[in-house]
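J.: Here are the chains, one letter per residue:
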Amino acid sequence: DAKTTQPPSMDCAEGRAANLPCNHSTISGNEYVYWYRQIHSQGPQYIIHGLKNNETNEMASLIITEDRKSSTLILPHATLRDTAVYYCIVRPGGSQGNLIFGKGTKLSVKP
Amino acid sequence: DAGVIQSPRHEVTEMGQEVTLRCKPISGHNSLFWYRQTMMRGLELLIYFNNNVPIDDSGMPEDRFSAKMPNASFSTLKIQPSEPRDSAVYFCASRPGRWLNTEAFFGQGTRLTVV
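First to last, the protein sequences are chains A and E. Counted from 1, the first sequence has number 65 at position 65 by my numbering; the numbering is strictly sequential. Counted from 1, the second sequence has number 101 at position 101 by my numbering; the numbering is strictly sequential.
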């Protein structure tokens, strides 16, 4: 599976947008970008995924660059409950590809 | 649906004892995963089942670890004999389909402490 690179930590003010970057320069054409998060002491939670188009759901937006070598997860109005470790993962779609977690980004939302 | 259910939530055992962790996936999900999480190593994939068949067990650390999925609604992860370095949080996850591009749902985990 392709590797991803994320900053180890980020801070964000409550109510502001949180923009979490991810580099995946070796991504293959059939690999999707997934984002999960893990709030302290809980299991990881799916947020969003995409292939090449930008995606939006009730939790977040995913912006993927045209060359697909990087992406940004956007939490439009971060709350204290969004404090968590955010994982960016790439895996083949429509296959038995596994979810391999890296170290993620620890997002701290501050009042 | 109650989600992925793991039991027990917490387990404390003595070194050398057998430990069995249990997982009930979401009904209708075909894929099941076992992960281990520690501060040092993060989230590690141990084994992956599809339609009750182990597909990839390359993450299982050693022969002391074994996993089974006797039917679509139940899986176990067994450690025998347990060692202090097995102390970790063990997560089970399930996913609807092998050929669908879908997300995985995780349980709340079992915190294992081996003393």
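Don't take each hint at face value.
Computed list of chain A residues with no C-beta within reach of chain E, every gap over 12 Å [unchecked claim]: (1) Q38; (2) H49; (3) D67; (4) N98.
Distance condition first, Cα-Cα at most 30 Å in a straight line; then the derived BS3-like pairs of lysine-lysine [what the hints assert, rightly or not]: (5) A:K69 / A:K52; (6) A:K69 / A:K103; (7) A:K103 / E:K78; (8) A:K3 / A:K106; (9) A:K103 / A:K52; (10) A:K3 / A:K52; (11) E:K78 / E:K68; (12) A:K103 / E:K68; (13) E:K78 / A:K69.
For the record, the hints were derived by calculation from the structure and aren't laboratory data. Backbone N, C-alpha and C define an ideal beta-carbon position, used for all residues, glycine too.
J.: Now tell me, hint by hint, if it's right for this structure.
T.: Evaluation of the provided hints:
1. Q38: Violated, because the least Cβ-Cβ distance between Q38 (chain A) and chain E comes to about 8 Å, which does not exceed 12 Å.
2. H49: Contrary to the label, H49 (chain A) does not stay out of reach of chain E, its closest Cβ about 7 Å off (not over 12 Å).
3. D67: Given that every Cβ of chain E is farther than 12 Å from that of D67 (chain A), nearest at about 21 Å, it holds.
4. N98: violated (6 Å)
5. A:K69 / A:K52: This hinted pair holds, its Cα atoms lying about 10 Å apart.
6. A:K69 / A:K103: Holds, because 19 Å separates the two Cα atoms, which is no more than 30 Å.
7. A:K103 / E:K78: holds (26 Å)
8. A:K3 / A:K106: Holds, because 18 Å separates the two Cα atoms, which is no more than 30 Å.
9. A:K103 / A:K52: holds (24 Å)
10. A:K3 / A:K52: Answer holds: K3 (chain A) to K52 (chain A) is near 17 Å, not above 30 Å.
11. E:K78 / E:K68: holds (8 Å)
12. A:K103 / E:K68: holds (28 Å)
13. E:K78 / A:K69: violated (40 Å)
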